[in-house]
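These protein sequence lines are chains A and B, in that order. For the first sequence, the positions run 1 to 382 when this note's numbering is used. For the second sequence, the positions run 383 to 764 when this note's numbering is used.
No lab work stands behind these hints: they were computed from the structure. Everything numeric in this text was worked out from a predicted model, so none of it was measured. Note that beta-carbon positions come from the ideal geometry of N, C-alpha and C, so glycine has one too. Take the hints with a grain of salt, since some may be wrong.
Unchecked claim - One side only, chain B facing chain A, incomplete, derived with CB under 7 angstroms:
| # | residue |
| --- | --- |
| 1 | 445 |
| 2 | 664 |
| 3 | 666 |
| 4 | 679 |
| 5 | 683 |
| 6 | 685 |
| 7 | 691 |
| 8 | 692 |
| 9 | 695 |
| 10 | 696 |
There are 2 protein chains.
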Amino acid sequence: MEVAVPDQVPAQALALRSLVTASQTVELALAEVSVPAPGPHEVVVRVEAAPVNPSDLGLLFAGADLSQVTAAGTPSRPVVTAPLPAGAARAAAARVGQSLPAGNEGAGTVVAAGASDAAQALLGKLVAVAGGGMYAQYRRVPAAACLELPAGATAADGAASFVNPMTALGMVATMRREGHTALVHTAAASNLGQMLNRLCIEDQIPLVSIVRSAAQAELLRAAGARWVCDSTAATFRADLTEALAETRATIAFDAIGGGRMASDILNAMEAAISAGAEFSRYGSAVHKQVYIYGSLDRGPTELTRGFGLAWGVGGWLLTPFLRQAGPEEVARMRQRVAAGLTTTFASRYTGEVTLAGALSVDAIAVYGRQATGQKYLITPNA
Amino acid sequence: MEVAVPDQVPAQALALRSLVTASQTVELALAEVSVPAPGPHEVVVRVEAAPVNPSDLGLLFAGADLSQVTAAGTPSRPVVTAPLPAGAARAAAARVGQSLPAGNEGAGTVVAAGASDAAQALLGKLVAVAGGGMYAQYRRVPAAACLELPAGATAADGAASFVNPMTALGMVATMRREGHTALVHTAAASNLGQMLNRLCIEDQIPLVSIVRSAAQAELLRAAGARWVCDSTAATFRADLTEALAETRATIAFDAIGGGRMASDILNAMEAAISAGAEFSRYGSAVHKQVYIYGSLDRGPTELTRGFGLAWGVGGWLLTPFLRQAGPEEVARMRQRVAAGLTTTFASRYTGEVTLAGALSVDAIAVYGRQATGQKYLITPNA
Numbered sequence: 001m002e003v004a005v006p007d008q009v010p011a012q013a014l015a016l017r018s019l020v021t022a023s024q025t026v027e028l029a030l031a032e033v034s035v036p037a038p039g040p041h042e043v044v045v046r047v048e049a050a051p052v053n054p055s056d057l058g059l060l061f062a063g064a065d066l067s068q069v070t071a072a073g074t075p076s077r078p079v080v081t082a083p084l085p086a087g088a089a090r091a092a093a094a095r096v097g098q099s100l101p102a103g104n105e106g107a108g109t110v111v112a113a114g115a116s117d118a119a120q121a122l123l124g125k126l127v128a129v130a131g132g133g134m135y136a137q138y139r140r141v142p143a144a145a146c147l148e149l150p151a152g153a154t155a156a157d158g159a160a161s162f163v164n165p166m167t168a169l170g171m172v173a174t175m176r177r178e179g180h181t182a183l184v185h186t187a188a189a190s191n192l193g194q195m196l197n198r199l200c201i202e203d204q205i206p207l208v209s210i211v212r213s214a215a216q217a218e219l220l221r222a223a224g225a226r227w228v229c230d231s232t233a234a235t236f237r238a239d240l241t242e243a244l245a246e247t248r249a250t251i252a253f254d255a256i257g258g259g260r261m262a263s264d265i266l267n268a269m270e271a272a273i274s275a276g277a278e279f280s281r282y283g284s285a286v287h288k289q290v291y292i293y294g295s296l297d298r299g300p301t302e303l304t305r306g307f308g309l310a311w312g313v314g315g316w317l318l319t320p321f322l323r324q325a326g327p328e329e330v331a332r333m334r335q336r337v338a339a340g341l342t343t344t345f346a347s348r349y350t351g352e353v354t355l356a357g358a359l360s361v362d363a364i365a366v367y368g369r370q371a372t373g374q375k376y377l378i379t380p381n382a
Numbered sequence: 383m384e385v386a387v388p389d390q391v392p393a394q395a396l397a398l399r400s401l402v403t404a405s406q407t408v409e410l411a412l413a414e415v416s417v418p419a420p421g422p423h424e425v426v427v428r429v430e431a432a433p434v435n436p437s438d439l440g441l442l443f444a445g446a447d448l449s450q451v452t453a454a455g456t457p458s459r460p461v462v463t464a465p466l467p468a469g470a471a472r473a474a475a476a477r478v479g480q481s482l483p484a485g486n487e488g489a490g491t492v493v494a495a496g497a498s499d500a501a502q503a504l505l506g507k508l509v510a511v512a513g514g515g516m517y518a519q520y521r522r523v524p525a526a527a528c529l530e531l532p533a534g535a536t537a538a539d540g541a542a543s544f545v546n547p548m549t550a551l552g553m554v555a556t557m558r559r560e561g562h563t564a565l566v567h568t569a570a571a572s573n574l575g576q577m578l579n580r581l582c583i584e585d586q587i588p589l590v591s592i593v594r595s596a597a598q599a600e601l602l603r604a605a606g607a608r609w610v611c612d613s614t615a616a617t618f619r620a621d622l623t624e625a626l627a628e629t630r631a632t633i634a635f636d637a638i639g640g641g642r643m644a645s646d647i648l649n650a651m652e653a654a655i656s657a658g659a660e661f662s663r664y665g666s667a668v669h670k671q672v673y674i675y676g677s678l679d680r681g682p683t684e685l686t687r688g689f690g691l692a693w694g695v696g697g698w699l700l701t702p703f704l705r706q707a708g709p710e711e712v713a714r715m716r717q718r719v720a721a722g723l724t725t726t727f728a729s730r731y732t733g734e735v736t737l738a739g740a741l742s743v744d745a746i747a748v749y750g751r752q753a754t755g756q757k758y759l760i761t762p763n764a
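Bound conformation, chain A alone:
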């Protein structure tokens, strides 16, 4: 038995799609797609809010040159295209010709549910889902993938309840699992960085926040951050070394990726560890780790190896972390997020756009830049 709310669920609805073409461009458009009926253990969610996270941009734009976006189509069915630089085109070769849905996460109302008890229990409820393809008016997902929002929470409150909160919790869990007791975060004035700051204050974990302006430093300090280093300050390396000496942080999560940030952090960690220690020909024996989880700078990562031989730099991604953590740990993490949805794990938005609005050249100029503090929310049914 399938139970739906027929007048609420249209047969067709809009979904945002990203297509890399053989002529090395990316094309974003709205597709009219069928809204599928739920299977026994599935529900259909009317998506009311979905954030544009930095982690959505790779799939959306495939590394295109966003200074060359061109618009076509109609106001209600816009089509935007942008050319891919050669490197981006090579990296996107495997997706040429595939119209891909986008949007990692979002929240909305369950408007149809399959016959199972678990699915039925969600009917009419406001849920958050990290199912991919959330930049759509309707989305069919497994009932088990839905997190029911606590009473009083809105779809906007719950829209970003997965990627950033689970990433912040995942960073802290990785820190603990690998034997560190304090951590460093770059691009730390971001929504994620502010969230991590609140989480670390709550859990009494020393956090060194690296930001890229005095204003961002001020913002974090006002939010209670104790160790904030501004990478544009002339004293940055000394400030960082001092903060690392105080916190003994030996693990960092870096959203920048390119350039010398990872190298600067490792060298400052080594300087903080070695201060006053006796000479060791291979550097300190303390393992120093930087995980690169973002790519704000897509250029090469440059490591000036003055930090001995006990070090690692590597990629970090939420999905494999969650797979390793296992379902019980993930469930505990999600419950913690639900409890702190409007406090520790709250996101703030600087703009709201419809699906069509997300495809305007002006909106892309803002959210495509990944400027710290500029976060958009897409409201597909507004």
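Guided by the hints, dock chain B onto chain A, whose structure is given.
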């Protein structure tokens, strides 16, 4: 009761010392030092052969500019000095004014032994020791640190029985421990590289050897290497990707450190893994690892991150590996080395020098360059 062979053990003997001065130079000289009497569990070894390994050069020269070596002293008591570039001087700040012994390993005859049974059992025996300070005529070491050489082996055979053999075995053990089934090695025509090639043939482990000339490629192929890639060939990246596709190697040990080698390997691994696979927005989920264990190129490591997020680059050092492996595993490894001392684990030398000879400008010009295939043996008592 201490048993010695008095007429064989002088009260004073020569030892090579390295000193970084406050005026940013390194000074190498021979010091006349007391030969200490062994404690109950110790022996005194007359050092007959000690190799100059790449891993000895850092302590010997402290990163000095070897194109500016100057000689002084007398033929039997030479003193050589070389200036330290600013970066090297900073890195060596903690050893300024300390006269440091050098030479990681060597072999020789036990000429005095403490009262314990273990020490006494070694009297008169030819042993290999990795005790540090082996560029000396006599060296007091714990009896437990000595590996008795098998019958028929000479001191020259046993001199390099620790660093390179244990490193080769350690690389293979690390490969297995981290779940890989094949490996990549750079600067692979080195003594270590040739040894690793023999070991991998013996253990049937696919090995991709990266070398820096056609002649080196030929040398390895003649020694039975199946996958050899010449980084100076125009087809290098394609050759490497093909070798990685065939071997499925996802771990590499890199002696070069600086430049793009680690990056090239990771990108080629990713290309080999992704060939024919469907598009994945974050790259392959297969973890790709490069360990940097040497610094033939002291310049920055440049990573062009086209290899997804499942990757790591890190330092690798024998000592912490052995500590983690534990004494039983290390004992098994040493027994395997002893059994293969003149076959799998044999080293070849292109020159033999006395302690004074090691401090000649000509010799330093050869062994200080770390040129592949140029390996010197110091014979302190010749």
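message: Taking the earlier hints as the rules, which of them does this structure contradict?
response: 1, 3, 4
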